[in-house]
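J.: Residue numbers (full-length UniProt numbering), protein chains in the order written: chain A, 1 to 254; chain B, 1 to 257.
Rather than coming from a laboratory, the hints here were simulated on the basis of the structure.
One thing to keep in mind: the hints can contain errors.
[Said to hold, decoys possible] Just the calculated beta-carbon pair ranges, DEER-fashion:
| no. | chain 1 | residue 1 | chain 2 | residue 2 | range |
| --- | --- | --- | --- | --- | --- |
| 1 | A | Gly219 | B | Val37 | 35 to 41 Å |
| 2 | B | Ala16 | A | Ala203 | 51 to 57 Å |
| 3 | B | Asp56 | A | Val196 | 39 to 45 Å |
| 4 | B | Asp171 | A | Gln53 | 38 to 44 Å |
[As the list claims (entries may be wrong)] Only part of the chain A face toward chain B is listed, based on derived beta-carbon distances under 7 Å:
| no. | residue |
| --- | --- |
| 5 | Leu34 |
| 6 | Ala41 |
| 7 | Val42 |
| 8 | Arg45 |
| 9 | Ile182 |
[Claimed, not checked] Far from chain A, by Cβ distances over 10 Å, these chain B residues were calculated:
| no. | residue |
| --- | --- |
| 10 | Arg24 |
| 11 | Ala104 |
| 12 | Ala120 |
| 13 | Pro200 |
| 14 | Pro211 |
| 15 | Glu225 |
| 16 | Gln229 |
| 17 | Arg230 |
| 18 | Phe253 |
Idealized CB from N, CA, C, for every residue including glycine.
In case you want the letters, here they are:
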Amino acid sequence: MSTVTQASLFAGRNLRRFFRAPPALIYSFAFPVLLLLTQYAVFGRIVGDGDRQHYLERLAPLVVLSTAAFGSPSSAVGFLRDLTGGLVDRLRVMPVRPGALLVGRLTGDVLRIVLIGVLTTAVAMLLGFRFRQGAAAVVGFFAVLALFGAMWAAIALWRGSGPGDEESLPPSLTGPATLLFIFSSGFVPVSAFPSVVQPLVRANPFSTATEALVGLSSGGPVLAPVLQTLAWVLGLGGVCLLVAVRRFARRTAR
Amino acid sequence: MTVASPPAAGPARQFAVLAARNLRQARVGRSIGLTVVFPLTFFAGFMVVFHRLMADYGIAYEQFLPPAIVVQTTVLVAMSACYMVAGDARSGLISRYRTLPMGAAVVPAARLVVDAARAAVAVAVILVAAVVVGFRFTAGAAGAVGFVLLAIGFAVVLAAGCAALGLGARDPEQAYSALTLPYLVLTTVSTAFVPVDAFPGWLQPVVRVSPFSAQVDALRALSTEGADQRVWPALVWLLVLGLLFGFAAARSFRRTR
Chain A
1 MSTVTQASLF AGRNLRRFFR APPALIYSFA FPVLLLLTQY AVFGRIVGDG
51 DRQHYLERLA PLVVLSTAAF GSPSSAVGFL RDLTGGLVDR LRVMPVRPGA
101 LLVGRLTGDV LRIVLIGVLT TAVAMLLGFR FRQGAAAVVG FFAVLALFGA
151 MWAAIALWRG SGPGDEESLP PSLTGPATLL FIFSSGFVPV SAFPSVVQPL
201 VRANPFSTAT EALVGLSSGG PVLAPVLQTL AWVLGLGGVC LLVAVRRFAR
251 RTAR
Chain B
1 MTVASPPAAG PARQFAVLAA RNLRQARVGR SIGLTVVFPL TFFAGFMVVF
51 HRLMADYGIA YEQFLPPAIV VQTTVLVAMS ACYMVAGDAR SGLISRYRTL
101 PMGAAVVPAA RLVVDAARAA VAVAVILVAA VVVGFRFTAG AAGAVGFVLL
151 AIGFAVVLAA GCAALGLGAR DPEQAYSALT LPYLVLTTVS TAFVPVDAFP
201 GWLQPVVRVS PFSAQVDALR ALSTEGADQR VWPALVWLLV LGLLFGFAAA
251 RSFRRTR
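Extracted from the complex, chain A is given alone in its bound form (with noise of 0.2 Å):
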């Protein structure tokens, strides 16, 4: 069986065993969905200056994007018990490469932020939110998700690999995940920050990548803020990437 069929089966896997467990299902669909429209209510008038549409432009990409980074603690805490809980001891008696695990978690991850940014995207558009770009853009606006969830995917993998355990791991990404939320470009413009905080603000990934999503729907530029989400996408998704395969490696060795 080659490395992909593999990789694939462990995707598929993960992927199941999402969709077979019901309140966990429910609750990565409900949240960002509520996520929309409950900041969609509360600061639209204030933040978008009395027209909550443009304040939707902005909101709804990030919001999309939150799927990514607010799914890592499950995808975490899932690792974590593939490497306490027997399955890779398991799968050292097989003919299985132990990288087909890895690959196979991140691509169910991937695959699993698209699809819930899918639908949360489909209710935005039930509040008003469009695509004036162009089918190519719609393109790149998914697979600007889909890069976005790689690196959320690579940091799940590195925080389930390391130290800390089902209880710890949670709060310790979540923490980040909220502040960045927070402190983005989507969330209210970037002038209204303190000027100290400005340039954090333009540098967060959270903002990159939202700039990336506003110019592939509503327009605006897109060219500048991809590359730089790809930027943190190979920084920092690259060296969790790494971090994780070298922890797993020294494991599967033993």
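Fit chain B to the given chain A structure using the hints.
T.: Using the frame of chain A, we list chain B on its own:
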């Protein structure tokens, strides 16, 4: 052969032992991070993000936001009680308690008194941070005392409801994450973060009747003008929810195997 049984501990001693155990449980778990660090971070973040926008809207956010953060904190204290109670129910500790010669009220009392103490600490930390950024009690000491008591009362009432849920839950993680969605909706669809006129018109009646709006508005009244008619809705909600959740908690406690 008979073994002399040690003298039975009185209810006060039983309570002290259980309360001390619950405090230790709260200290080693994630509850400090969740009930103190998270609200403080959230407070700082919201001050930075919304201070300028709210000033443009005519609201001094350093006076407007702290009561909302206090309510958010008391909700988080109650939610962590759910997590801890669910853990105790699953590990069999609650069942073990039932086999012991203890008064029926000792276990719930030790739970709620410790939750009140945790709420008091968390509220105190938030208030110190709030005063640092410019929050003031302009209605004097009586208003401040009323503010703290109302906040703790709300935490205890919600903790009773969360404990009822936790006793019936099979998995602490699941019980806790089941609470995060109502938490998100109820805290945001209220006057906590923006005034009622910032909501879409059709949603404003919902915002007005929310118990969270009542609580936040009462705390705002107690910190500015003092006890006025804005405190009554909060007290009514406290009574109604207290009866409802108290009944629910007593019922699930009796049913726990």
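J.: Next step is simple, just say for each hint if it's right about the structure.
T.: Status of the hints after comparison with the structure:
1. Against the hinted window of 35 to 41 Å, the Cβ-Cβ separation of Gly219(A) and Val37(B) comes to about 40 Å, which satisfies the hint.
2. Range check, Ala16(B) to Ala203(A): Cβ separation about 53 Å, and the 51 to 57 Å hint holds.
3. For the hinted restraint 39 to 45 Å between Asp56(B) and Val196(A), the CB-CB distance of approximately 19 Å leaves it violated.
4. At roughly 41 Å, the beta carbons of Asp171(B) and Gln53(A) sit within the given window of 38 to 44 Å.
5. Because the closest C-beta pair between Leu34(A) and chain B is about 6 Å apart, less than 7 Å, the hint holds.
6. A distance limit of 7 Å between C-beta atoms decides the matter here; for Ala41(A) the minimum to chain B is near 6 Å, and the interface restraint holds.
7. Among the interface hints, the one on Val42(A) holds; its C-beta lies about 5 Å from the nearest C-beta in chain B, closer than the 7 Å criterion.
8. Checking Arg45(A) against chain B: minimum C-beta separation of about 5 Å stays under 7 Å; hint holds.
9. Evaluation of the Ile182(A) hint against chain B yields a held restraint, the C-beta minimum of about 5 Å falling below 7 Å.
10. Against chain A, the non-interface label of Arg24(B) holds: every CB pair exceeds 10 Å, the least being about 16 Å.
11. Look at Ala104(B): its CB is around 31 Å from the nearest CB on chain A, clear of 10 Å, so calling it non-interface holds up.
12. The Cβ of Ala120(B) sits about 23 Å from the closest Cβ of chain A, beyond the 10 Å cut-off, so the non-interface label holds.
13. A Cβ of chain A approaches the Cβ of Pro200(B) within 10 Å, the least distance being about 6 Å, so the stated non-interface status is violated.
14. The beta carbon of Pro211(B) is kept farther than 10 Å from every beta carbon of chain A, the shortest such distance being approximately 17 Å.
15. With a closest Cβ-Cβ approach of about 24 Å to chain A, Glu225(B) is found to remain outside the 10 Å limit, as its non-interface label requires.
16. Every CB of chain A lies more than 10 Å from the CB of Gln229(B), the least distance being 25 Å, so the non-interface label holds.
17. The beta carbon of Arg230(B) sits about 21 Å from the closest Cβ of chain A, which is more than 10 Å, so the claim that it is off the interface holds.
18. With 10 Å as the threshold on Cβ separation, the claim that Phe253(B) sits away from chain A holds: the shortest Cβ distance comes to roughly 24 Å.
In summary, the numbered hints that this structure violates are 3, 13.
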